[in-house]
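Line order of the protein sequences matches chains A and B.
Take the first sequence: its letter number 262 is residue 262 in this note's numbering, and every next letter is one higher.
Take the second sequence: its letter number 61 is residue 1061 in this note's numbering, and every next letter is one higher.
Hint data in this document are derived by calculation from the structure and do not stem from the laboratory.
Computed from a prediction, not measured in an experiment: that's the story for all the values here.
Be a bit skeptical, because a hint or two may be false.
[Claimed, not checked] Straight-line alpha carbon distances no greater than 27 Å define the calculated DSS-like cross-link-like pairs of lysine-lysine that follow:
(1) 1110/B <-> 1009/B
(2) 1140/B <-> 1228/B
(3) 1140/B <-> 1070/B
(4) 1070/B <-> 293/A
(5) 1228/B <-> 1070/B
(6) 1179/B <-> 293/A
(7) 1198/B <-> 1179/B
(8) 1198/B <-> 1106/B
(9) 78/A <-> 317/A
(10) 78/A <-> 1106/B
(11) 1179/B <-> 1106/B
(12) 1198/B <-> 78/A
[Said to hold, decoys possible] Distance ranges between label pairs, derived from CB positions:
(13) 1146/B <-> 172/A: 45 to 53 Å
(14) 129/A <-> 1168/B: 51 to 59 Å
(15) 224/A <-> 1168/B: 35 to 43 Å
(16) 214/A <-> 1027/B: 41 to 49 Å
(17) 1072/B <-> 231/A: 54 to 62 Å
(18) 175/A <-> 1135/B: 54 to 62 Å
(19) 223/A <-> 1135/B: 54 to 62 Å
Beta carbons: idealized from backbone N, C-alpha and C, even for Gly.
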Amino acid sequence: MMITTAPLRTRTMTAHFRSSKDLKKGVFSLKRKHSRERRTEALQAYVLLLPTLLGMAFLSVGATIGAIALGFTDYSVKWPPNFIGLNNYRLLFTNRIFPTVIRVTFTSALINVVPCVLIALLLALLVNQPIRGARFWRAVYFWPVVGSMTAISLLWGFLLNPQFGLVNYLLATLGVRGPDWFSSTRWSIVAIGIIFVWKNVGYYMTMLLAGLQGIPESLYESAMIDGAGPFRRTFSITLPMLSPSLFFVTIMACIASFQVFDPILVTGLNGGPAHSTTTLSYYVYQNAFQFMKMGFASACATVLFLIIAAFTLLQFKLQDKWVFYG
Amino acid sequence: MQRQILSGKHRALRTIALNLPMALIGLLFVVPFYWLVITSFRLEGDIMVIPPRFLPYPSTLTNYVTLLSKFNFGLYFANSFIIAVLGLIGQTFSCSMGGFVFARLKFPLKRTLFYLLLSTMMIPGQVTLIPTFVIFNMLKLTNTFVPLILPAYLGGAFGVFLCRQFFLTVPNELEEAAKLDGSDSVGIYWRIFLPIAKPTLATLALFAFMYHWNDLLGPVIYITDTSKRTITVALAMFQDTLRVSRGTIMAGALLSITPLLIVYVFAQQFFVSGMITSGFKE
């Protein structure tokens, strides 16, 4: 921006200076003016950036550092924090519940993310077809994204009600005895998965659709000339070309899954039954705000942070192996 | 691409063949919504029946009356609205400022700060929750709307990124002209960039509204007074109270999603394009 500014300015300025002496003086003052301008610009940039910088200092970056620091204390709202070294971590890793929490976190991510991405892909492939009705159905699949997770969890809490819910009724008409979703240690996490997928699949479909529309038409045209059928085209062109979007969507869905909170609280599961829906992030919430063990919860939050960071890094590494960049 | 190749008859067949699966999947999204609506107009006795009734009658407005009179839903609605509107204003200004700076100005540490900001997208809310709570608690601001609204005035990776992407596309000429007229960066932001960014700001405003309107974790943690509850907290608390009928819960859920649903029906493109540009939903 500055580079393009300079010649334009010099030209307009030159017109004002008659003698070469004046011109020299002008260029000199212009240079000085430039460095002053640059300083003013930097200063004003920081003024405009102040809200963002404060946000980073207190809410995102600062708070993350704060969480790591609090993890080494016994802080509770009742007393000021005392440094207790690695005690929280010792407690965490010798805790009977902790392996369960980790298992639930990853099982839940698997149950949430895999169907969500696959269904989103199917929906994106369907609504990407240039036919009547595609736009309408796309809008229909997307609507739960707009609704609150609270309302949607309540709705599904009712739909999955074992006695009067629509789902188990429909399963019964098919001759299947539906599970007791929210009181079963095996099915409660699946119920959360159903809510997650139903709420978010339209969002991931939209992201994949953007990826699909970025694939050049010419590839399909030449494939058709070579006699490739629709399946061949999907597997040889669409999917490889879509892999960056698929990869991105998978990361985003994993991160979203690690943070699921609302349905676990709203459906009344509160991490149960028997810790079957206590994901790490819910465990953080419980310890911090139900048991007021802020220090211990911060240690758990740090572990959550590290898992997500490691996961993101790992996926970025794997990306080089299987993602095709067009 | 197939459009030119297939004949009219083929096209009609194709349309039907593809609309069928789309409609079947569509049922999975339509039926629960229908169920939400009809249940909200039913009395408990008509809900807890086997087999469930698929037709809307008999229907009643009792649940809505109960919500508004007995459960004070009007107040919760207003609380949510105040928080969401104030949050929207904060996000619109703070993020457009940040986006403008990263798109248009030169300053030391620009790249470092930008990547640091982007990396904060990966930080889960549960991690920053406790220290943020501790700060607001020390400031004696818990049980007020401040912790729910103030963060919106401090930027955010999603909004800043969204605005930056837009501001990068603005041609240089506009800025040059303003500079020759003696405007400084703040003036250029205020007089030129802010007015032309209206569509992007509308998208951002919508997302900010949606985020605050739908947020549950924040209000659950910060709000203790019943009278300061938001609509999401009020709904979540219903589950604890056995006295509330299913129909009333569904009515509350439906009421809570209605404002955004109306906006969605009329401004679908804002939601979709915003999510695609930024890659983030909340």
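Structure-inconsistent hints, enumerated in ascending order
1, 3, 4, 6, 9, 10, 12, 14, 16
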